[in-house]
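For reference, the chains in residue letters:
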Amino acid sequence: MAGRESRKSFTGEGLACRRGERRVFKGVAFALAPGDALLLGGPNGSGKTSLLRLMAGLAQPEDGVIAWNGATIADDPAAHRARLHYIGHQDAVKPALTAEENLAFWAGMRGAKGGAADALRRFRLDARAAWPARYLSAGERKRLGLARLMASPATLWLLDEPTTSLDAEATEILLTAIADHRRTGGCVALATHAPLPLPGAQTLSLADHATWRQA
Amino acid sequence: MSGFAALLTRDLRLAFRQGGDVANVVAFFALAVILFPFGVGPDPDLLARIAAGVLWVTALLAALLSLERLFDADFQDGSLEALGLMPVPLEIQVLAKCVAHWLTTGLPLTIIAPLLALVLHFDAAGYPALIAALLLGTPVLSLIGAIGAALTLGARRAGVLLSLLVLPLYIPVLIFGVAASEAAALGLESRPHLLLLAALLAGSLALAPWAAAAALRQALE
Chain A
1 MAGRESRKSF
11 TGEGLACRRG
21 ERRVFKGVAF
31 ALAPGDALLL
41 GGPNGSGKTS
51 LLRLMAGLAQ
61 PEDGVIAWNG
71 ATIADDPAAH
81 RARLHYIGHQ
91 DAVKPALTAE
101 ENLAFWAGMR
111 GAKGGAADAL
121 RRFRLDARAA
131 WPARYLSAGE
141 RKRLGLARLM
151 ASPATLWLLD
161 EPTTSLDAEA
171 TEILLTAIAD
181 HRRTGGCVAL
191 ATHAPLPLPG
201 AQTLSLADHA
211 TWRQA
Chain B
1 MSGFAALLTR
11 DLRLAFRQGG
21 DVANVVAFFA
31 LAVILFPFGV
41 GPDPDLLARI
51 AAGVLWVTAL
61 LAALLSLERL
71 FDADFQDGSL
81 EALGLMPVPL
91 EIQVLAKCVA
101 HWLTTGLPLT
111 IIAPLLALVL
121 HFDAAGYPAL
131 IAALLLGTPV
141 LSLIGAIGAA
151 LTLGARRAGV
161 LLSLLVLPLY
171 IPVLIFGVAA
181 SEAAALGLES
191 RPHLLLLAAL
201 LAGSLALAPW
211 AAAAALRQAL
221 E
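Taken in order, these protein sequences are the chains called A and B. Residues 1 to 215, numbered by my numbering, are exactly what the first sequence covers, in order. Residues 1 to 221, numbered by my numbering, are exactly what the second sequence covers, in order.
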């Protein structure tokens, strides 16, 4: 690896992904240095979620390599899981638990303690902390899901359509959180349809790598 | 270890908040056992002879009833995907869920079994062995059941498939569980049967979390 490459902490090369019979994309590459953000674009079905799942290690690429500081993530999946937050389409919120219990559980699973109350405050959910999550609106549940980002530290954030059902205020809170995270050397990869103002973010359009049109 | 405790606490809390699941299992067990005196008649000798078998078969079915939800609720709301990305190994998480499942099904079943044994005129000498056998056998039901629940995750009609997969694997527990309880009631040595149940428990403790975790990873991909 050349010296220029070694500064990049999170890289992917020649990635191809297959879902069942269908090849979703091929030849996808990315390289993120500490503080970088990557915006994934492309029409529905172009593989944004699939790429994020590859980045998280939830699925294995059909071809290509994803590496952290030069070491393939598949070689040490436990270390990779310890450094990432993945917020998918589903909120992973238990209706029978209160907002705070939900959040404290996820933070506890990552070995963090006491961050939940602060994270709820950042996402303006402190008034709802003791409410069973079943009484939260869709937007509030989404905020609760995103508050996991703040409740325990992780270097790499993988966000799948994080602004769905968020209002302007919550979107602003999320953007501030992302900016803070990048300032302290964190990496963010997020899939989105809404144009998000992320200064200096790289963009990757999966439409350019789509193979479903030919296939 | 903190991850194990966190998941166990969450699952127990969910079970108590949504108390219906535990109550359903216990009610099913009690009702199904009480049906037998109506079905075979009130003859105390006959009931006493079939008591151990009836209790074990019904306990088995009651445990099976609650298995479908072991991973399914987490799978549906995205929690399982998030759990799969936690630094805590999935095997440890499976074990935590099995312990929670046993505490909310196997243990209540073990507690009310002596009462139901009374209804079936079970011989008084057999009670200690019956309880010991249930204490050793019901955790095996949760552990083996976890493999089936993980394998059938996301399948249509998962419940039926789950029964077909898991019930044959429960046969050894049934055989030694009934043998231990009956041997004591007849005044014979129940120790060897209990030891065999303990061996089954040790074996499934060592193997089931790995098998179930592998199946969960498959389901998540």
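Any given hint could be a false lead.
Claimed, not checked - Okay, the calculated bits of chain B under chain A, using three or more residues with CB under 8 Å as the criterion:
hint, region
1, 102-114
2, 182-190
As the list claims (entries may be wrong) - Computed Cβ-Cβ distance ranges for the label pairs, DEER-style:
hint, chain 1, residue 1, chain 2, residue 2, range
3, A, 171, B, 18, 57 to 63 Å
4, B, 77, A, 113, 43 to 49 Å
5, A, 60, B, 112, 32 to 38 Å
6, A, 168, B, 17, 30 to 36 Å
7, A, 168, B, 164, 22 to 28 Å
8, B, 131, A, 77, 39 to 45 Å
9, A, 43, B, 164, 38 to 44 Å
By construction, these hints were calculated from the structure, which means they are not laboratory data. All C-beta atoms, glycine included, are put in the ideal place defined by N, C-alpha and C.
These are the hints, each one checked on the structure:
no., hint, in the structure
1, 102-114, "violated (count 0)"
2, 182-190, "violated (count 0)"
3, A/171 x B/18: 57 to 63 Å, "33 Å, violated"
4, B/77 x A/113: 43 to 49 Å, "24 Å, violated"
5, A/60 x B/112: 32 to 38 Å, "47 Å, violated"
6, A/168 x B/17: 30 to 36 Å, "34 Å, holds"
7, A/168 x B/164: 22 to 28 Å, "52 Å, violated"
8, B/131 x A/77: 39 to 45 Å, "43 Å, holds"
9, A/43 x B/164: 38 to 44 Å, "42 Å, holds"
Of the numbered hints given earlier, the model fails hints 1, 2, 3, 4, 5, 7; all others are met.
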